[in-house]
Each structure stands twice: as C-alpha cells, then as structure tokens.
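Protein chains in written order, with the working numbering: chain A, 450 to 666; chain B, 188 to 527.
Calculated from the structure, these hints are not laboratory results.
Worth double-checking, as some hints may not be accurate.
Calculated pairs, BS3-like style, for lysine-lysine (alpha carbon to alpha carbon, straight line, at most 30 Å) [said to hold, decoys possible]:
| hint | chain 1 | residue 1 | chain 2 | residue 2 |
| --- | --- | --- | --- | --- |
| 1 | A | K599 | A | K648 |
| 2 | A | K458 | B | K318 |
| 3 | B | K318 | A | K612 |
| 4 | A | K487 | B | K459 |
| 5 | B | K384 | A | K524 |
| 6 | B | K388 | B | K459 |
| 7 | B | K388 | A | K458 |
| 8 | A | K510 | A | K621 |
| 9 | B | K509 | A | K487 |
| 10 | A | K547 | A | K478 |
| 11 | A | K478 | B | K388 |
| 12 | B | K295 | A | K536 |
| 13 | B | K218 | A | K621 |
| 14 | A | K648 | B | K459 |
| 15 | B | K413 | A | K478 |
| 16 | A | K599 | B | K384 |
| 17 | B | K378 | B | K417 |
| 18 | A | K539 | B | K318 |
| 19 | A | K597 | B | K388 |
| 20 | B | K318 | A | K487 |
| 21 | A | K563 | B | K318 |
| 22 | A | K621 | B | K318 |
| 23 | B | K412 | A | K487 |
| 24 | A | K457 | B | K318 |
| 25 | A | K524 | B | K388 |
| 26 | A | K487 | A | K539 |
| 27 | B | K417 | A | K458 |
| 28 | A | K597 | A | K547 |
Quick caveat, the model's predicted, so the values are computed rather than measured.
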Amino acid sequence: MKRPVLMKKGAEANLYLADWHGRKVVLKKRLPKEYRPKMLDEQIRAYRTTHEPQLMHEAKKAGVPTPIIFLVDHKNATVIMEYIEGKQVKQLLNEISKSQRQNLCFRIGELIGKLHEYGIVHGDLTTSNLIQRSEGKIFFLDFGLGDKTKELEARGVDLHLMKRALQSTHYKFARECFESAIEGYSTVRSETSEKVLDKIREIERRGRYVAERKERE
Amino acid sequence: MTRKKARERYCLGIESSADDFSVGISTFNGKILANTIDAYVPAEGGIHPREAARHHAEVASKVLDAAVEESGVKPQNLSVIAFSQGPGLGPCLRTGATVARALASYLKIPLVGINHCVAHIEIGKLKTRTKNPLTLYVSGGNTMVAAFDAGRYRVFGETLDIALGNCLDVFAREAGLHQKPDLPFGAVVEKLAQNGKQLIKLPYTVKGMDVSLSGLLTAAAALSKKGEYKLENLCYSLQETAFSMVTEVAERALAHTGREEVLLTGGVAANKRLQSMIRSVAMEHNARFDVVPTRFAIDNGAMIAWTGVLAYTHGTVTAIEKSQVRLRWRLEEVEIPWIQ
C-alpha cells in the first residue's frame with residue numbers, strides 16, 4: 450500500500466486516502482481520545498468500528514448506497530472502504546438552483562425513508578455525510594452513531610437532528626430543504642411518516658425553549 | 188479630567204433568570220465597574236421558581252445599592268438599563284424585569300431587553316479577548332455548542348433533554364449530598380469525583396451533535412440508591428461519562444466549523460476536569476482554549492450590562508410595553524448587529 454494521505458481530520462476519526470490493491474480507498478481510523486478514560490475510549494471505538502460497517506452493509510440491502518467495505522481491523526479501530534468520487538451535499542446545496550435543491554432533498558428524504566423502513570437510523574444526518582456522485586447517485590457515509598431499530602422515537606430523533614443540522618449550516622434554505630426531504634420520506638410509507646412527523650413535533654416540544662411550546666403558553 | 192469623566196457612559200444590567208439576582212455596571216468601552224451577585228440557596232430540593240423570585244425581590248435594593256456604590260457611578264449618570272429578558276424561570280425573570288422597568292422610568296433612560304445566552308457569550312468574549320469562538324455553554328439550565336454565523340449565533344449542538352448542571356445537581360441531591368453557599372452541588376460532586384477510581388458503566392448517549400443526559404442521570408441516581416458502589420466512584424463515573432459526551436459533541440462542532448478559538452462558559456465551566464477535556468480537544472484541532480472566569484461564567488449582571496451596551500449602541504431599545512419576559516427565547520432567534 451502506498452503511504453496513505455490524510456484527507457480529513459474529523460472529530461472522531463482521521464480519514465486517509467490510500468491505494469489498496471489498485472483501488473482508491475478511504476482508511477477510517479478512530480484514534481484514541483486522550484480526554485476520556487481509557488476504558489470508555491476503548492468501548493466507544495470498538496463499538497463504533499464494529500457497528501458502522503455492519504450498518505453500511507445493511508443499508509445497501511435497504512437500497513441506500515454506501516461505500517463498499519473492504520476490511521475491518523478491530524485491533525487498530527480502522528475500516529477500509531471504497532472512496533466515493535463526488536461532491537458533498539453540504540457544498541452542493543449552495544451551488545444549485547431552488548428546484549434542483551428541492552429535487553435533491555426529495556431524493557435524500559426518500560433514501561432516509563428506505564433506511565428507516567428497513568430498521569436503520571443513521572444517527573448523524575448532516576449534509577457533510579452525504580455525497581452525490583457525478584451520475585447522480587447519493588451515498589450515505591458515517592454510520593458511527595447509527596443504530597438498528599424500528600422505534601418511532603429513534604426515527605423521529607434522526608429526522609429532528611437533520612432538521613437542526615440544516616438550520617445551523619444551511620439556514621437560508623433549511624425550511625424548503627426539510628420540507629422536500631419530508632415529501633420524499635413520505636413516499637416510502639405515508640402512514641408511518643405521519644407518525645414520525647408527530648414524533649418530531651413531540652421531540653421538539655421536549656427540547657428547551659422551543660417556539661411551538663411558546664405558542665401554547 | 189472631570190470633563191472626560193462626565194462624558195463616560197454607563198449601562199446597568201440586571202440578571203435574574205434563575206437562582207441568582209445580580210446587578211452589573213459596565214462602561215460603554217467594556218470596563219466592568221461592578222458585578223454584585225446574590226444567590227438563592229434553597230434549604231432543600233431544587234430551585235422553586237416562586238421562592239427564588241421572592242428572594243430576588245427581597246435582595247434587589249440591597250444588590251442595586253452595592254453595585255452602584257462599588258462602581259462609583261451616580262444613578263443619574265447611567266445611560267441605559269439592560270435586563271435579562273429570557274430564557275429562564277418566569278417568576279424570576281419578571282422580578283428582574285420589574286426592577287429594570289422601574290429604574291428606566293424613574294431615571295427616564297432607555298430600557299434594553301437582553302437574551303441571557305447571548306450575554307453569556309458576549310461577556311466571555313470580552314473577558315477572554317476572543318473574537319470568533321466556538322462556545323460551549325454549560326450551566327444548570329443550558330447545555331449548548333454555538334458559534335456566530337451570518338448575523339446570528341447558531342446552535343450546533345445542545346441537550347435533547349436536561350442540562351449538564353441540572354444532571355449533576357439532581358444526582359447530588361438524590362445521592363443525599365448537601366450544598367452550601369460557597370460550595371454548590373457541582374463543586375461537591377467534583378471534589379468527590381477526584382477520589383474516584385473505578386469507572387462504572389453508565390449510558391453514553393450522543394446523537395449527532397446533541398446529547399441526552401436524562402438516561403445517564405436516572406441510571407446514576409438508581410445506582411446511588413442501591414449502595415453497591417462508593418459515592419466517589421459514582422461521582423467520578425457520572426462526571427467522566429457526561430463530560431465525555433459533551434466534549435465529543437464540542438469536538439464534532441469544532442471539526443465542523445473549523446473555528447480557531449474555543450470558549451467554555453456557564454456555571455459548570457468552573458469544573459477543572461471538564462476544562463481539561465475541552466482544552467485537550469481544542470489543542471488537537473489547533474484552536475485556542477479559554478475558560479471564562481467564574482464570576483463572569485455563572486449568571487451575572489455584568490454580562491447583561493455589557494451586552495446591553497452592544498445592543499443599545501447598535502440601535503436596540505425595548506419599549507416598556509414590549510418588555511414582557513420571554514421564557515423560551517432561543518439563542519438563534521436573536522439578531523446580532525454588532526458583529527460584521
């Protein structure tokens with residue numbers, strides 16, 4: 450293997466671009482975190498290193514594109530996966546027209562719907578974890594905080610987090626993006642999506658200083 | 188000299204959103220001349236909003252007098268009155284707002300309603316000389332990671348349920364610990380945790396850039412009732428787990444925003460262990476780390492006075508009839524015209 454090049458220093462892992470048996474791959478290495486106790490650190494890293502590839506594999510069965518996993522190295526908390534050539538949705542949203550944005554978000558919503566329908570929640574639905582390849586396929590990355598669950602609560606939190614991520618990073622079109630995503634989500638199974646939307650409202654009301662709760666005062 | 192002094196302008200700020208009643212006085216150049224804080228310490232249990240509000244009403248004139256005397260500023264030389272308009276506990280906020288309205292009317296000077304969370308960030312920046320930090324604000328009522336972007340402070344991460352300080356306080360009460368005026372629950376837990384060695388497994392819940400602390404609290408409190416573990420070890424485990432969660436989301440936000448400064452503030456910022464954790468991630472991302480001095484990190488009037496200066500000098504005035512308190516006023520609802 451050629452010497453891997455540091456591509457991104459993330460919050461919990463370093464991503465290296467490498468050449469692996471003639472393939473362009475990403476090495477995702479979860480580094481020890483000095484700030485937390487060793488035991489907790491090892492538990493967290495071991496858990497996520499094991500679960501992330503499993504969830505990515507399951508996501509494919511749900512019809513949601515994710516990078517191919519080539520190798521899981523538990524000892525070094527490293528996963529080797531396919532490098533996806535494309536553009537981060539985070540960037541893309543700022544470069545395209547309104548109708549393109551709505552279309553993109555609709556398709557993202559559809560994919561989230563499929564994921565949830567299959568019993569997976571992503572756990573960190575930010576636009577930097579979504580990559581669109583040149584032919585248009587949208588890939589989901591970073592399942593480290595994901596979970597296998599069909600609970601309505603978990604689905605609601607998943608979408609609530611996405612809404613929040615849109616509001617903090619794409620405040621200009623957060624609303625239209627989220628609405629389009631929900632439209633796409635609803636096409637997968639409408640009666641569930643109604644319940645999920647109610648759940649999101651409930652989660653928001655539970656949160657601190659929420660406008661909706663204010664209205665009822 | 189006297190002429191120069193006469194030109195100096197001052198803002199008096201009142202903070203009363205929770206258990207502290209405080210009055211601060213700031214010059215328009217950001218010199219803090221007074222910051223008097225009087226804390227309500229319940230005999231037992233948590234903050235009862237009505238009891239806390241009664242405390243505030245009782246100490247208001249005493250605290251005002253003390254702040255005015257300390258500052259050496261004559262009330263008639265004040266230019267503006269600022270008050271904490273929210274978020275917070277209704278009865279407590281209303282008490283402070285009433286005092287502020289009375290003062291402004293009596294002195295015939297403008298009134299400015301300030302968002303409590305904005306004030307925490309602004310005084311933190313003033314006191315640590317940071318410019319554009321990622322702020323981790325952890326207190327009894329709030330737990331959030333925020334940074335300025337395009338006209339407002341954006342909340343990147345926060346708690347999905349209870350605040351970090353609240354988690355520590357309630358655990359301490361459930362475990363039968365007691366606080367004193369100079370030793371709040373957080374400090375009691377911190378002290379015990381220093382002697383803890385065994386890490387007990389507790390729920391660790393990070394969701395995206397948000398945390399959930401209620402499950403952790405329930406589990407830790409239940410274990411303390413069982414009496415299987417030494418209290419030192421429980422305090423240690425609670426702190427390590429809760430702080431690791433908060434630090435993880437702070438690091439996520441730091442990687443996401445790429446800021447070069449990290450500011451730690453709020454009552455829990457006084458905790459040395461939390462400071463060391465946040466310092467560690469700041470260093471890893473080549474960011475400068477600052478913790479706000481405790482008297483300006485806890486709820487205080489100086490932060491309201493200083494933010495009052497910023498708001499007033501950028502055109503914000505709150506008419507008396509629009510000065511009702513805003514219990515759930517979120518940080519990102521506030522427009523920040525003083526940052527370019």
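When you check the alpha-carbon spacing of A:K621 and B:K318, does it fall within 30 Å?
Distance of about 24 Å is within 30 Å: holds.
Quick one, are B:K318 and A:K612 close enough, alpha carbons at most 30 Å?
Holds. B:K318 to A:K612 sits at ~28 Å (cutoff 30 Å).
Does B:K459 sit within 30 Å of A:K487, going by the straight-line distance between their CA atoms?
holds, 19 Å
Hint check: B:K218 vs A:K621, CA-CA at most 30 Å. Holds or violated?
Judged against 30 Å, a Cα distance of about 37 Å means the pair is violated.
Restraint check for A:K458 with B:K318, where alpha carbons must lie at most 30 Å apart
Holds, at roughly 24 Å.
Hey, B:K378 versus B:K417, does the alpha-carbon distance stay inside 30 Å?
Judged against 30 Å, a Cα distance of about 14 Å means the pair holds.
Next pair to validate is A:K457 with B:K318; report whether the Cα-Cα distance is within 30 Å.
holds, 26 Å
Holds or violated: B:K318 and A:K487, Cα atoms, limit 30 Å.
This hinted pair is violated, its Cα atoms lying about 34 Å apart.
For a C-alpha distance cap of 30 Å, please report whether A:K597 and A:K547 respect it.
violated, 34 Å
Take the C-alpha atoms of A:K547 and A:K478, compute the straight-line distance between them, and say whether it is at most 30 Å.
violated, 37 Å
Assess, step by step, whether the Cα of B:K388 is no farther than 30 Å from the Cα of B:K459, and give holds or violated.
holds, 22 Å
For the pair supplied as a hint, A:K563 and B:K318, is the alpha-carbon distance within the 30 Å limit?
violated, 44 Å
The structure does not agree with the numbered hints 8, 9, 10, 12, 13, 14, 15, 16, 20, 21, 26, 27 and 28 stated previously, though it agrees with the rest.
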